[in-house]
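**Student:** Start from the sequences and build out the full structure, keeping to the hints where you can.
Residues per chain are reported as follows:
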Amino acid sequence: YVPVKGDHVIGIVTAKSGDIFKVDVGGSEPASLSYLAFEGATKRNRPNVQVGDLIYGQFVVANKDMEPEMVCIDSCGRACGMGVIGQDGLLFKVTLGLIRRLLAPDCEILQEVGKLYPLEIVFGMNGRIWVKAKTIQQTLILANILEACEHMTADQRKQIFSRLAES
Amino acid sequence: MAAERKTKLSKNLLRMKFMQRGLDSETKKQLEEEEKKIISEEHWYLDLPELKEKESFIIEEQSFLLCEDLLYGRMSFRGFNPEVEKLMLQMNAKNKAEEVEEETVELDVSDEEMARRYETLVGTIGKKFAKKRDRANYEEDENGDIKPIKTRKMFLKPQD
Numbered sequence: 001y002v003p004v005k006g007d008h009v010i011g012i013v014t015a016k017s018g019d020i021f022k023v024d025v026g027g028s029e030p031a032s033l034s035y036l037a038f039e040g041a042t043k044r045n046r047p048n049v050q051v052g053d054l055i056y057g058q059f060v061v062a063n064k065d066m067e068p069e070m071v072c073i074d075s076c077g078r079a080c081g082m083g084v085i086g087q088d089g090l091l092f093k094v095t096l097g098l099i100r101r102l103l104a105p106d107c108e109i110l111q112e113v114g115k116l117y118p119l120e121i122v123f124g125m126n127g128r129i130w131v132k133a134k135t136i137q138q139t140l141i142l143a144n145i146l147e148a149c150e151h152m153t154a155d156q157r158k159q160i161f162s163r164l165a166e167s
Numbered sequence: 168m169a170a171e172r173k174t175k176l177s178k179n180l181l182r183m184k185f186m187q188r189g190l191d192s193e194t195k196k197q198l199e200e201e202e203k204k205i206i207s208e209e210h211w212y213l214d215l216p217e218l219k220e221k222e223s224f225i226i227e228e229q230s231f232l233l234c235e236d237l238l239y240g241r242m243s244f245r246g247f248n249p250e251v252e253k254l255m256l257q258m259n260a261k262n263k264a265e266e267v268e269e270e271t272v273e274l275d276v277s278d279e280e281m282a283r284r285y286e287t288l289v290g291t292i293g294k295k296f297a298k299k300r301d302r303a304n305y306e307e308d309e310n311g312d313i314k315p316i317k318t319r320k321m322f323l324k325p326q327d
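Going down the list, the protein sequences come from chains A and B. Residue numbering for the first sequence follows the numbering used here, starting at 1 and increasing by one per position. Residue numbering for the second sequence follows the numbering used here, starting at 168 and increasing by one per position.
Since the hints were derived computationally from the structure, they do not count as laboratory data. Accuracy of the hints is not assured; some may be wrong.
Listed below are the simulated EDC-like cross-link pairs for lysine to aspartate or glutamate, each with C-alpha atoms no more than 20 angstroms apart in a straight line [stated by the list, open to error]:
| id | chain 1 | residue 1 | chain 2 | residue 2 |
| --- | --- | --- | --- | --- |
| 1 | B | Lys261 | A | Glu112 |
| 2 | A | Lys115 | B | Glu252 |
| 3 | A | Lys134 | B | Glu252 |
| 4 | B | Lys204 | B | Glu220 |
| 5 | A | Lys134 | B | Glu250 |
| 6 | A | Lys5 | B | Glu228 |
| 7 | A | Lys5 | B | Asp236 |
| 8 | A | Lys5 | B | Glu227 |
| 9 | A | Lys64 | B | Glu228 |
| 10 | B | Lys261 | A | Asp106 |
| 11 | A | Lys115 | B | Glu250 |
| 12 | B | Lys253 | A | Glu39 |
| 13 | A | Lys64 | B | Glu227 |
| 14 | B | Lys253 | A | Asp74 |
| 15 | A | Lys5 | B | Glu235 |
Some chain A residues near chain B, calculated using beta-carbon distances under 8 angstroms [claimed, not checked]:
| id | residue |
| --- | --- |
| 16 | Lys5 |
| 17 | Asp88 |
| 18 | Phe92 |
| 19 | Pro105 |
| 20 | Ile109 |
| 21 | Pro118 |
| 22 | Val122 |
| 23 | Phe123 |
| 24 | Gly127 |
If you want the ones that stay clear, here's a sample from chain B, every Cβ over 12 angstroms from chain A, calculated [stated by the list, open to error]:
| id | residue |
| --- | --- |
| 25 | Leu176 |
| 26 | Phe185 |
| 27 | Met186 |
| 28 | Leu198 |
| 29 | Asp214 |
| 30 | Glu235 |
| 31 | Asp236 |
| 32 | Val251 |
| 33 | Lys253 |
| 34 | Met258 |
Remember, it's a predicted structure, so these values are computed and weren't measured experimentally. Built from N, CA and C at the ideal position, the CB exists for glycine as well.
**Tutor:** Below, the structure is given as structure tokens:
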């Protein structure tokens, strides 16, 4: 993955040094994330981020000459859904092309998936998807479907969805 | 009879800022370029032919977000996470340039009641700041609202 400015990605916090966190985004370098780049963070009021946490943020600086920097806040200072991703759930990797296909405005896969059962998904443009459903089984099913969507045709997909809907 | 010769202004005068405010931006640019061309001997320059900057019609864009009009990355289905669902509506509505319908704030207190409360409030607070003499002037209305009397005792100049 090549970091691009403005892209929303899922990163894993690998280290905490002084005022910044080192976040692995799947690129050639770990991105840096300042602890002030969260909504409502001040010097006294530090965000609750530990090593190993999942972070959903966007790149503020990302070019080939510098280390990428990310933030969990938008230009107005609001979080807009970014920040630490909550407990439980499963993170897995897919290809970048699949993410772009899934996030396209007219994506059938997502609509069908959404009808199955209550769930939450976070897509990172760096090829990482985090899913969460009520039971572990459902979460795993979801992960498997999304991974397999890469190679299936539309018909095969519909078969699988109908089988799932029955069970 | 009036002299029809234009007064010749010196170049330095024309270069002053107040003389240039009237000029168009184009003429200004041209003047600037001409000034840059006047190269003194101290400046080093390349002995190349003049190159004009062409307007480029090509924009480089590295992010896929704009090229393919992608949706927002955080999603929740069937009410698993209501905050994320609200976000989804907001962010995707921004993309489609639709107006967000969610901005209707539900009113707890109606406008009329608010106006009524304000009326009485003005009276009670005004009473607090009125001098002792004036406090007696505050009447009680039938509804129990306090209305201040606006007539004040002014100084009357004695008539000689």
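**Student:** It remains to establish, for every hint, whether it holds in the given structure.
**Tutor:** We went through each hint and held it up to the structure:
1. The straight-line distance between the Cα atoms of B:Lys261 and A:Glu112 is roughly 24 angstroms, outside the 20 angstroms bound, and the hint therefore fails.
2. A distance of roughly 15 angstroms separates the Cα atoms of A:Lys115 and B:Glu252; the hinted pair therefore holds under the 20 angstroms criterion.
3. The hinted pair formed by A:Lys134 and B:Glu252 meets the criterion: a straight-line CA distance of about 17 angstroms does not exceed 20 angstroms.
4. The suggested pairing of B:Lys204 with B:Glu220 holds, with an alpha-carbon distance near 15 angstroms, which does not exceed 20 angstroms.
5. For the hint pairing A:Lys134 with B:Glu250, the CA-to-CA distance comes to about 17 angstroms; that is within 20 angstroms, so the pair holds.
6. Distance hint between A:Lys5 and B:Glu228 is fulfilled; the C-alpha atoms sit about 10 angstroms from each other, no more than 20 angstroms.
7. As the CA atoms of A:Lys5 and B:Asp236 are separated by approximately 16 angstroms, the hinted pair is consistent with the 20 angstroms bound.
8. Only pairs whose Cα atoms come within 20 angstroms are accepted, and A:Lys5 paired with B:Glu227 is accepted, the gap being roughly 13 angstroms.
9. Annotation: proposed proximity of A:Lys64 to B:Glu228 holds, straight-line Cα distance about 14 angstroms (limit 20 angstroms).
10. Of the supplied pair hints, the one linking B:Lys261 and A:Asp106 holds, its CA atoms being roughly 16 angstroms apart against a limit of 20 angstroms.
11. Distance restraint check for A:Lys115 and B:Glu250: the Cα-Cα separation of roughly 19 angstroms lies within the 20 angstroms cut-off, and the hinted pair is therefore satisfied.
12. A distance of roughly 18 angstroms separates the Cα atoms of B:Lys253 and A:Glu39; the hinted pair therefore holds under the 20 angstroms criterion.
13. With a C-alpha separation of about 15 angstroms, the suggested pairing of A:Lys64 with B:Glu227 holds against the 20 angstroms cut-off.
14. Restraint check for B:Lys253 and A:Asp74: the C-alpha separation of about 17 angstroms stays at or below 20 angstroms, so the hint holds.
15. The hinted pair formed by A:Lys5 and B:Glu235 meets the criterion: a straight-line CA distance of about 16 angstroms does not exceed 20 angstroms.
16. Because the closest C-beta pair between A:Lys5 and chain B is about 7 angstroms apart, less than 8 angstroms, the hint holds.
17. Annotation: A:Asp88 was flagged as interfacial toward chain B, and the flag is violated, the nearest CB pair being 12 angstroms apart, outside 8 angstroms.
18. The restraint placing A:Phe92 at the interface with chain B is violated, with a minimum CB-CB distance near 15 angstroms, outside the 8 angstroms limit.
19. At a threshold of 8 angstroms, the smallest CB-CB gap from A:Pro105 to chain B is about 6 angstroms, leaving the interface hint in force.
20. A cut of 8 angstroms between beta carbons decides the hint on A:Ile109: the least distance to chain B is about 12 angstroms, and the hint is violated.
21. Given hint, A:Pro118 at the interface with chain B, holds; its Cβ is 4 angstroms from that chain's nearest Cβ, closer than 8 angstroms.
22. Checking A:Val122 against chain B: minimum C-beta separation of about 5 angstroms stays under 8 angstroms; hint holds.
23. For the restraint placing A:Phe123 at the interface with chain B, the shortest Cβ-Cβ distance is roughly 4 angstroms, inside the 8 angstroms limit, so the hint holds.
24. Interface restraint check: A:Gly127 against chain B, minimum CB-CB distance 12 angstroms, threshold 8 angstroms, status violated.
25. Its beta-carbon lying about 49 angstroms from the closest one in chain A, B:Leu176 satisfies the requirement of being farther than 12 angstroms from that chain.
26. For B:Phe185, the shortest C-beta to C-beta distance to chain A comes to about 39 angstroms, beyond the 12 angstroms cut-off, and the non-interface label holds.
27. Remark: the non-interface label on B:Met186 is consistent with the geometry, its nearest Cβ contact in chain A lying 41 angstroms away (cut-off 12 angstroms).
28. Under the 12 angstroms C-beta cut-off, the non-interface status given to B:Leu198 relative to chain A holds; the minimum distance is some 36 angstroms.
29. Annotated as non-interface, B:Asp214 keeps its C-beta farther than 12 angstroms from every C-beta of chain A; the closest such distance is 32 angstroms.
30. Its beta-carbon lying about 6 angstroms from the closest one in chain A, B:Glu235 breaks the requirement of being farther than 12 angstroms from that chain.
31. Remark: the non-interface label on B:Asp236 conflicts with the geometry, its nearest Cβ contact in chain A lying 6 angstroms away (cut-off 12 angstroms).
32. Against chain A, the non-interface label of B:Val251 is violated: not every CB pair exceeds 12 angstroms, the least being about 6 angstroms.
33. A beta-carbon of chain A is positioned within 12 angstroms of the beta-carbon of B:Lys253; the least distance is around 10 angstroms.
34. Distance to chain A contradicts B:Met258 as a non-interface residue, since its nearest Cβ pair spans about 7 angstroms, not more than 12 angstroms.
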